[in-house]
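Q: Below, each chain spelled out in residue letters.
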Amino acid sequence: MSWKRFIGAALASGVFSSASNADEIRFNRDVRPIFTKHCTACHGGVKEAGGISFVFRDRLLVDGESGNIPVVPGKPEKSEMIRRVKSKDPDEIMPQPKHGPPLSSAEIAILEKWIAEGAEWEEHWAFMPPLETQVAGLKNESWPSSTLDRHVLSKIEGSGLTPTPEAAPREWLRRVSFDLTGLPPTLEELAEVESAWKTDPAAARARAVDKLLASPAYGERWAAVWLDLARYADTFGFEKDPHRDIWPWRDWIIRALNADMPYDQFSVEQLAGDLLPGATPDQILATAFHRNTQTNSEGGTDDEEFRVAAVIDRVSTVWTTWQATTFGCVQCHDHPYDPIAHDEFYEFVDFFNQSEDSDLTNEFPKLRLAGDEFVALERDTRALREQLNADGRAISDAAWKPLGNLVLTPQFGTLTIDSTGLIVSEGTLRRGVTHKVNASAEPFDALRISIHPVSDDPKNWPEMGVMVTDFKMEKISPDGSRQPIPIAEIFADYLAGPSDPMSAFAGQPDGKKFEGFSGPGGKGGGGVGFGEYPRLTGPRQFVLLPAHRVELSPEDRIEISLSQGANANESQGTYLHKFRVETASDTRYPLLLRDPARAAKWQSVIANIERMATMQSTEVPVMRDRAPNARRDTRVFARGNRLTKEHSVKADVPELLKKGYLGREAANRLDMARWLVSGENPLTARVMVNRLWGEMFGIGIVESAEDFGTSGIPPSNLPLLDHLALRFQNDHKWSIKAVLREIALSSTYRQASAASPEIVSKDPKNQLLARGPRNRLTAEMVRDQALAVGGLLSRKMFGPSVFPQQPDGIWNSVYSGAVWIESPGEDKFRRAVYTYMKRTSGFPGQLTFDAPSRDLCSARRLISNTPLQALVTMNDPAHIEAAVALAARMTAHSGEIHAQITHAFLTCTQRIPDELTISDLESLFQDLSRETYVKDAKLGPNPALTLTANTILNLDASLTK
Amino acid sequence: MKDLEQRLRIGELSHLTRRHFLSKCTTGMGAMWLSSLGDNAFGAGAKLVKDAARPFAPDAPHLPGKAKRVIYLHMAGAPSQHELFDYKPELKKLDGQDCPKEFLEGKQFAFIQGVPKMLGPQFKFKQHGQSGAWISDRLPHLATVADELCFIKSMHTDQFNHGPAQLLVHTGTSIPGGPSIGSWATYGLGTDNQNLPGFIVLTSGGKNPDAGKSVWGSGYLPSVYQGVQCRSQGEPVLYLKNPDGVSRDMRRRSLDTLDRINRRIAEETGDPETVTRIAQYEMAFRMQMSATDAFDLKQEDGATHAMYGTEPGKESFANNCLLARRLAERGVRYIQLFDWGWDSHGAGANEALNAGFIDRCKAIDKPITALINDLKRRGMLEDTLIVWGGEFGRTPMRENRGGVEMALIGRDHNPGAFTVWMAGGGVKAGTSYGETDPIGYEAIKDKVSVHDLHATMLHLLGFDHEKLTYPFQGVNQRLSNITKTGTKVVKGAVA
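Just so you know, the protein sequences line up as chains B and A, in that order.
Residue numbers for the first sequence follow our numbering, so the first one is 133 and each next one is one higher.
Residue numbers for the second sequence follow our numbering, so the first one is 1448 and each next one is one higher.
Each statement offered as a hint is correct.
Under the rule of at most 20 Å between Cα atoms (straight-line distance), these lysine to any residue pairs were calculated in the SDA-like manner:
#1 A/K1931 <-> B/R774
#2 A/K1823 <-> A/K1875
#3 A/K1931 <-> B/R771
#4 B/K644 <-> B/T513
#5 A/K1564 <-> B/R563
#6 A/K1688 <-> B/G1072
#7 A/K1548 <-> B/H709
#8 A/K1688 <-> B/D1068
#9 A/K1564 <-> B/T546
#10 A/K1688 <-> B/Q937
#11 B/K1070 <-> A/R1698
#12 A/K1809 <-> A/S1763
#13 B/K710 <-> A/Q1555
#14 B/K777 <-> A/K1931
#15 A/K1761 <-> B/P939
#16 A/K1554 <-> B/V586
#17 A/K1931 <-> B/E437
#18 B/K1070 <-> A/D1696
#19 A/K1688 <-> B/Q938
#20 A/K1914 <-> B/P233
#21 A/K1914 <-> B/P229
#22 B/K897 <-> A/E1714
#23 A/K1554 <-> B/W593
#24 A/K1564 <-> B/G559
#25 B/K710 <-> A/V1562
#26 B/K894 <-> A/P1719
#27 B/K179 <-> A/K1931
#28 A/K1654 <-> B/G949
What the hints contain is simulated information worked out from the structure, not anything from laboratory work.
Generate the whole structure from the sequences, applying the supplied hints.
A: Put into structure tokens, the structure is as follows:
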């Protein structure tokens, strides 16, 4: 048997291949599929039975546990793998009989030849840089109008087919109008293109495409694609599923797409716009991409559990959206098929683990949409606070002394002192509990409160948060008289979380000046006090400066009251369980209080806070990282379980795809974002052009748009994908519109969709593209078209989401007073992209037409055909309303039914109806006209015409593009 | 035209069976979704191919299963096992005492603070039937069919909040985005009646479950497999009714016109999707009839209404039970009922153990018993799997929200132990499996996880839970949650 036949057998078994020299063994084409089929389930990233993995080359060329080397390059006879696959001994043969059938002789021959030739390893195609290949030897050189057409034609001709003739202008215009703007062309637009086509078809097409790309509708159409990936919705998700103001981010997407913001910038701003130097409000707003994760506001839910869930969702979403790589599985173990290690997942998690958000009901941190000034004030205030806090931290060698003769008064439970002098609180506490510490002390300038976690093992951190929401100190003289000791300033080991520690002193007699430091949510939301909220990430220290040195006689005592009024998890107190109080006599502290430069800074801070309080506006959850000295410790989760943590890791990108990464010591999301669009990442451009292609043709070059890895579906035309990717990032400078323009004007896209049975049966999914695409309208298009053809569609852009007609009783969420109140006026008829999206109760018309629920990142919609869809377009009152409007247009167009039907058919399909079709519809109309209709039915002034219009809107030709 | 007729007939009469390989699917009947029943995405096992044009075409499972359909009765909010099935005389003795410290260490509660008081069972218990099942006096009717039931007393979960716990019970993961059991069942088995949705959801108690529609979502499976929420008031299926003023005959004439024009388009374009669409509109027309018929409770006689306690036109759990039987009869694969209002914290009269809980018990007792008897009488109990349960259990301690004693009596959430019972299709009737500790706080003997329950349900339907998979995020995902190890079929509950 010749090699050609062996390889022929491998190809016939369904393995993808591009034509090339069949005598040469190629790892990716010939060998890897055998490994994936027979070996990796046991010897892969999940299980490495016998210490062998067929995913990483260096784990295959080493000694296996049996002492024999699986693969010895050049020597098949010495390779254990060959011996085992050929073995007849049921205990020795691989795969073991219980795991699968033995390898065929053809497969064994391929492996032997591969080893004999040196066992060259190739990385999976998607992890290698794209390559431009020249297409030569085409039979029909006149057909291609661009390089992409040459790649397509090469495939078509290679399959023994020929392209389908060009579509008529009306067919092409319908297709391209929907694909670029999500709306059908008007009859005027059609007439214009048809007339221009007669003189110069190429110019007519170019003009039409440019007009569509310049239309504001373009951004609205393509935003829908991005919103699926970003899992955009107008609510939090989970039980209560309350409202979230994040529509300004949706508007950001529409604007960015309309402005054709280059994809590299579009990516960086959404991934890490907040970290750009001098970030503008718009760049910060862009990061709401990540805040589309769900927030669990159900009473009693663990804020840390759902914070971590959101972080992990961000990681998976970034990998699906930009890399089409299945990264989620690396949470628990090495990647089963691709060479990505378990630890690398957590290194990547670290990029996202530093963000301030923590599943709080107030969704801190947020961006207030109050213009550049607000963002500048906020940034200035934060910088000043860091400087002021650093002054206190600079004093690192004060002599701290414990308090003496402690008398502890618990309000609830018990307060005791342990052997190390820590004060320990136990028992049933209630929100607002006050611990009182009464003690003697030497005169002091500063008081230090150290908060300790209950556990000493960092692997058990973080613990439930600790917040002292109200702090008071008094001096008690021997006669029992009490004198308040006001606090002037507090220094924290670092500043993080929703509250400024200064807010703990608002209850003092002079407390008013501290009120402005309250964060979002007040006491309940952790916006007041010092400590850490909602979780204690480790030991914390706070130094409190009394306004004046505290002079104490040996008989005097001080009393400290620590009140704990904050709730985390929406229901659980955040109590001090272990803490220590010390004093220091150190003149450096009072000097800080009297430093005029510092006083000026404080004045600026307070002035800023007051000014910001006057600038009320919509607030959108966004990304904001914790300060460098407040970084969270990111640890590997054993088998993906966040409750069993292993060693710490630092932010990094996986070794496999490291090219283009300029890692720094303290790398952050911005480094990661820049790596993705560095131009050296082999996936970013490919994934995006594949998405654009998939939207235009109905199926991607890589059908599994969400998975380019070894477990995904191989590309149907890799040279085409690579050409498009390189052109996108190099020639087009990441312009999305430029790519779409090129596709829309290509010979490939311009083909008629009607095809011979031969082509359809040979290529049912139309991956060879020997015919033009013909696909069902998306959920959004079905609705928008119905409204557009009747002239109901509002073209108003942007703003809060709207509530079109929806049957009663759809929204029945528990613990939520939210009700669907139909929007008044034109808001009822806005484009579907503006429809309010409630996660736990999606808009029925959308979901029925395969729109995802937006719980998780969705890279493609699987198109289904169900009777429920027919019920929507036939019976939904909104579609009936659209039919009434279309009937009105028909009546306005002509008094003759023949002309009315022709007009409606043209408007809905852009096709000229043949006489048979017109007579079918006409006799339907005549038939329906003989019926009697109740007066109050919502079928408009001419019910028979309305129902005829409804029938036209339900035609296959109306529902496809 | 002849060719088209042929293709339409193919579309109607035949469909691709599960073990076809994609390469053989050249009939051009529209999109195919591919999954695998093997070891991995490229593994040696056969591929499960579903035809997007006929996604619900009936399919055979891996092995013959006893159960052909499921009726799942979920008491949303989590009913107290201490007041219904898990009788603990020891707990009675501890009533009113401070909860010992060791019961509280390392525990997380939704609302209990500090040291709560123990709370004994609030109702009287008695043994019933040959099997001697302990059932409290709140469910006197159900007690009469005790010998049909198989109790699992040792259920436990790792979620103690409603939303995540309900998601875990119905999708095998606590984060929204996983397919629900009904989606898996209809994906794996299709459905026997193409004129009704294969997976129907009915709710009562005035609210949807806490986790919203995600509990009947299709997650990463094609969205066609999501549950269809039907209503017992108004139109049972959204948009089922013709617009006012449009009769069935008028709709037929519209459809005939559509059909004629669509056939010509199909001829002209050769687009297989058009063929699919023609069939889809015909199916919608039939669904209008069959769904309306299925939901018409007036067709039932007075004796049946008396048995179930039903009142046609009302939204009630009783009506939903009767509807469940009617849907089961008509070949619906998975019928999911949610009854809201079982969250007995004692924070309000509508849910407290000594108030609202009593009413909820009354509302379910008769109809569930009637459903079991009715199915049995019709010979359908043996191939209908009924599952009853909540999303977690309740504490043996009395809730002390905010650290204070509350006016009404209630219990907090407890993931450590709860009771589920099954009946019918392949279940070992008249048994009790697993045990909790002497106060009903933790499952201790023959513990059953939510994933074990899923594996068992799939087993009863004829599926190996490790083989009914779908590739997503690089892994062959499954209902029994790939990240959990040691999941097993509860053999002791299988006949």
